[in-house]
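S.K.: One-letter residues, chain by chain:
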Amino acid sequence: MTAMPRCNLCGLEVPAPDWNRPEPLPCSGCQAPVQVWVFPAGWTDVNGKPPAAIAAEGMATCFHHAENQAEAACGSCGRFVCSLCVDGSGEQAICSVCFERGTAAGEPRFQRRAPLYDAMGLLLAAVPLMTVLTGPIAGVFTLVTWKKTRTVVPRPGAIRWAALAISALWLAILVGMVALVIGAWDRSR
Amino acid sequence: MSEYRMLTGWSPGWVRSAALYDGGDHLLQVNSLRVQHEYQRFPYAEIRAITVTEAPLWTTGRVVRLLVFTLLVVLAMLPAKPGVRVALAFLPATLLLLQAWSLLQGRRCVARVISLSGDWPLRGLGTMQAVAEAMPLILERVQAAQAGLPRQAMMPVIEAGKSEAAYRHPRELGWVLAGTLLLSALLIVLYSARPETRQEIWNIAIFVGPGALTVAIAWWRMLRRHQTVAAALVATIVVDLLLFLFYLLLEWRRPTFSLTLAELTLMALGWQKVALAAAIGWRVVAAALAGWVAQQRDEAKA
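Line order of the protein sequences matches chains A and B. Reading the first sequence from the start, the letters are residues 1 to 189 in the working numbering. Reading the second sequence from the start, the letters are residues 190 to 491 in the working numbering.
Simulated from the structure, these hints should not be mistaken for lab results. Computed from a prediction, not measured in an experiment: that's the story for all the values here. Some clues are possibly wrong.
What the hints assert, rightly or not - So, partial list: chain A residues that the calculated Cβ filter (under 8 Å) puts toward chain B:
{"no.": "1", "residue": "Pro5"}
{"no.": "2", "residue": "Leu116"}
{"no.": "3", "residue": "Val152"}
The C-beta atom is built at its ideal place from N, Cα and C for all residues, glycine as well.
Chain B extracted, bound-state conformation (with noise of 0.2 Å):
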């Protein structure tokens, strides 16, 4: 059994990401190069300072590389052959949607630790979302670690329960925004399984089938954490509008123009709205069970 406990999940990265844990007495970095993982420990008695700074989530490289692979999806599109839209689109939808839950992972951070051995990247806070996790646990730490050290009276006490308020961003966002573009996709699929495009349905079905399993996760993660679903609730709207959008463009281009394909998405939405109230509704009621499960056990022990 391990000794250390995560504190944050892996920060972004495709080559290189890091992650933190608590070793107890000290902060553990693990620095994953996908085949090899390197480890920082910095004791908590001996950390000076740390710092984060928020970076910009829209940068320049960032927003090229939305429009250039957005172009290339549409101009995939043009073929008049379904198959041939599908093979080319494939690469640079893949990109985009690489893109899209890379935005998806929240607000970006560069997170600095200086210890006595020197000043060091942390990068394990790569997000705020890693920021709000962790901070607590590591203030708290720190706190007790260094209880002992004489503190100068202009040192303003820090306050560690009050950084999560600033930095809260939920992650199951990500989770459902990600879980709601890939079910709508499959849901397309279905309904484009048509004769003159059944004999591609599997391909794309393929492609797209984690969705289901990936709302189903994003479900069960806002089980556990019912304060984030409003924000989930909305971003969910949004995105649904915006492919609602896309897929009456799409509907627009064929030669035969009928609402069909909107109106079944329009159902899709729906039921997964309903489905997201009936989340937050089983949370409620499972929290009022609780709490009258838990009064009831108070009274008979008095």
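Extracted from the complex, chain A is given alone in its bound form (with noise of 0.2 Å):
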């Protein structure tokens, strides 16, 4: 293993005996409740190994480095790869350039991160800061981006509504005030 299991708190190895126990045991370092799950992977050497040589003529070699053996073909473009090229989430070996690709192009398997445009509005409705004024914002910020938070988990849609629905209440504090001043001027008028 490349990385021994610790204790979380203060940093101690945790001795193998301890490793897949059914009940947490204490560090020896801390005393703190300690549970460590080691799997086979953690054994053998599934895609860590550096890449084969061509070990002789004939053998498929890497699309981007020809000096290496092919491990793989990409489950994208369908190109040999080595374990240098391949990225290993998901079922399917995918090389990096598919994989930046992919990243570049938003696809959800791909998907690094993603801008929360409801929870955005939601703030700039909600906290309170001038909020008479940013509440409106708020408002048309949700709907000018009503479709554009894209998540790859489940996103209740409660979120922009609730900011759709504070921004309408400051919208209609502010028309009051707007009548009120106005209200107030023709008055001294």
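Combine both chains into one complex, guided by the hints.
M.R.: The following block contains the structure:
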């Protein structure tokens, strides 16, 4: 294993006899209960080995590294790639080029981050900082970015509706204030 | 339709929180920065180890915060005018409630995952409750994904089912405790609706109004998992006793001491117990009915 299991509080290594116990055992350093699960991948060299050099003529080589032996075929483009090029996440091997392309295109399986426009709208509408002004702006922002929040996990639509409702409330207050000011101005005339 | 299934609730945190999702062949950790999600994927076939260390519940910082906020609430109750009391106590009481809510989240833990890509924090497993909920499925998935890999003889068999019992901590407990606190506060507010305090009653009612809803949700959740009702009941009684002592102390401070408030509190507590007992009873009856119906159906098929 490249990294030994450690206690997450004091950093002391957890000895092998304490692995895979059904119940947590006290850490020998800080006495905090620690539970460690070590899996077969921790004992084998699944994908972390260096790329094998070409053993003989006629063997498939990596598309991007001609000196390396091919380990797998990319599940997206079909090219043979070595272990340096393969991104191991998911069932299929994906070469680094396809991975970068997929990330740029925003494919869900490659997505690394997602801006939450609905949460931004809600914060803009609800955080008490000049909300009479930012509230209505938040409403416009929420409407413009209505379908732009694309997370790979389910996200409740109530967030944007709440932002819109609070924004509408602030808009009503703003309109009321303006009407009061105009009324007072008329009376003064 | 998302391909991900949530394994844990969101870990506690005001600025940053995280949750774990099962993606079939990989574990997805969603780190939420409130206005942005960041995704980390850990293929089950590549997970080498997972470590979970239980953190102490009562840290020095937490105790100090609780003491300071409690002291501020007590100090805010000293002025004679009720309106002033409410205005002064609002902020420290809110902070105190948030601290209490944080405590009700249960025992915390620090978890890490060692995979082929490195050693990463598993922030989604922030509480022991989350560990109890998520680990059985994670273990199952990892075992299935790594079934073809050789296992050394010295390595004990991973027992997925036993970890849950070691970590059982009912989340419903938190709901019931919070609901009890808020509902009791609401009842006290209603009681305080006397002519001299009637002006401020609506302000307070808005603050504690969601209490009834919280209690309803707590009971609904308990109906779904009756095994935690007993623990919730015990916890509720303890909280009720503490509340009763607190109310008694408040009433004692008034110029005209009377037990009316305490009596009303007792009535409210009694009503809550009746409702909890009804919830348990309904669950038992429903389970018995379901069993009887299933038995009848099997007999009809036979």
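S.K.: If a hint holds in the structure, say so; if it does not, say that too.
M.R.: Okay, the hints, checked on the actual structure:
no., hint, verdict
1, Pro5, "5 Å, holds"
2, Leu116, "5 Å, holds"
3, Val152, "6 Å, holds"
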